[in-house]
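Engineer: Sequence:
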Amino acid sequence: MAGIVRSVVTGVGGYLPERVVTNAELSTRVDTTDEWIRERTGIHQRHQAADDQPVSDLAVEAARRALEAAGRTPADVDLIIVATTTPDLTFPAVAAIVQRKLGCPIGIAFDVQAVCSGFVYALSVADGFVARNRAKCALVIGAETMTRLMDWTDRTTCVLFGDGAGAVVLEPGEGQGTTADRGLLGLALRADGTKQDLLYVDGGVSTNRQTGYLRMLGNQVFRHAVVNISEAVTAAAADAGVEVSDVDWFIPHQANQRILEGVAKRLGIDETKVISTVAIHANTSAASIPLALDHGIKDGRIKPGQLLLLEAMGGGLTWGACVLRL
Numbered sequence: 000m001a002g003i004v005r006s007v008v009t010g011v012g013g014y015l016p017e018r019v020v021t022n023a024e025l026s027t028r029v030d031t032t033d034e035w036i037r038e039r040t041g042i043h044q045r046h047q048a049a050d051d052q053p054v055s056d057l058a059v060e061a062a063r064r065a066l067e068a069a070g071r072t073p074a075d076v077d078l079i080i081v082a083t084t085t086p087d088l089t090f091p092a093v094a095a096i097v098q099r100k101l102g103c104p105i106g107i108a109f110d111v112q113a114v115c116s117g118f119v120y121a122l123s124v125a126d127g128f129v130a131r132n133r134a135k136c137a138l139v140i141g142a143e144t145m146t147r148l149m150d151w152t153d154r155t156t157c158v159l160f161g162d163g164a165g166a167v168v169l170e171p172g173e174g175q176g177t178t179a180d181r182g183l184l185g186l187a188l189r190a191d192g193t194k195q196d197l198l199y200v201d202g203g204v205s206t207n208r209q210t211g212y213l214r215m216l217g218n219q220v221f222r223h224a225v226v227n228i229s230e231a232v233t234a235a236a237a238d239a240g241v242e243v244s245d246v247d248w249f250i251p252h253q254a255n256q257r258i259l260e261g262v263a264k265r266l267g268i269d270e271t272k273v274i275s276t277v278a279i280h281a282n283t284s285a286a287s288i289p290l291a292l293d294h295g296i297k298d299g300r301i302k303p304g305q306l307l308l309l310e311a312m313g314g315g316l317t318w319g320a321c322v323l324r325l
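Residue numbers (numbering that gives the first Met the number 0): 0 to 325.
Source of the hints: derived by calculation from the structure; they are not laboratory data. Treat the hints loosely; a few may be bogus.
[Unchecked claim] DSS-like mimics (lysine-lysine), calculated; alpha carbons at most 30 Å apart, straight line:
1) Lys-297 x Lys-264
2) Lys-302 x Lys-272
3) Lys-297 x Lys-100
4) Lys-194 x Lys-135
5) Lys-100 x Lys-135
6) Lys-135 x Lys-297
7) Lys-135 x Lys-302
8) Lys-272 x Lys-297
9) Lys-302 x Lys-264
Given the sequences, and given the hints that come with them, work out the whole structure.
Structural biologist: Have a look at this one:
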């Protein structure tokens, strides 16, 4: 099968707010310690957006860096999808705000809300445009200001999250329909709305007109994460026509170091193949996968032509995985 169009990642960029909040600082705000946080989560620090820094500002900076890496400009962009659960406003979409701030021409712009799984979902949606020649230069962005959803009296949740943004440029590329092709090769998306009470925010426009706080039953989320993510990863690999063992790099959602290790062990992935940034970024929800991807590229580990496995699980519960060749 020749002449198949693939959605190819041609540029990656990440942005983290300047302010770094250490575990030691958090221990002065809430009843916790650096040792307690590290032992249970692997997190050492997280970044926090400035009060006057909406999530669109983070998204714009990550997008600029991704465009630069791809050798593109905002004038080239005809599709923007932002995965976020912490928008600037109830509406318009963050994607439309990013379009305005970047100075992109009139095109398609909308948000995807799948919480921590948002970036994988957004990649899948963008693939529906790019691989069908309905978009020539797409920005797929994961951007979050999760610290604004924190109840700073709840030590079980407020220590887990941070702010940041990551972006990729997706462009159509011709492949041969084989696993050697560059681009998105396989996908698996899942959701189970019956598990809502495990991870949610207790506010919303049409319930109490409030933003609300993040609530989580951590032990149950952990159990579901390891089992569900492993199934989705296996399904995505099968969809791509590859074995999990063929993957060069495993880039998971950075929720908790113990979850990362649990999933990798269940899948038989060597820990040397896992890109982990949870220690320095904490959980940045939809931003965590593109931030980890950017981190791995910047430090020289991830190289063009390598096979990457991405996965995430978040509130909903939603989860998913995808396989792509850079």
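Engineer: Evaluate each hint against the coordinates.
Structural biologist: Hints and how they fare:
| no. | hint | result |
| --- | --- | --- |
| 1 | Lys-297 x Lys-264 | 26 Å, holds |
| 2 | Lys-302 x Lys-272 | 13 Å, holds |
| 3 | Lys-297 x Lys-100 | 26 Å, holds |
| 4 | Lys-194 x Lys-135 | 37 Å, violated |
| 5 | Lys-100 x Lys-135 | 20 Å, holds |
| 6 | Lys-135 x Lys-297 | 25 Å, holds |
| 7 | Lys-135 x Lys-302 | 23 Å, holds |
| 8 | Lys-272 x Lys-297 | 16 Å, holds |
| 9 | Lys-302 x Lys-264 | 24 Å, holds |
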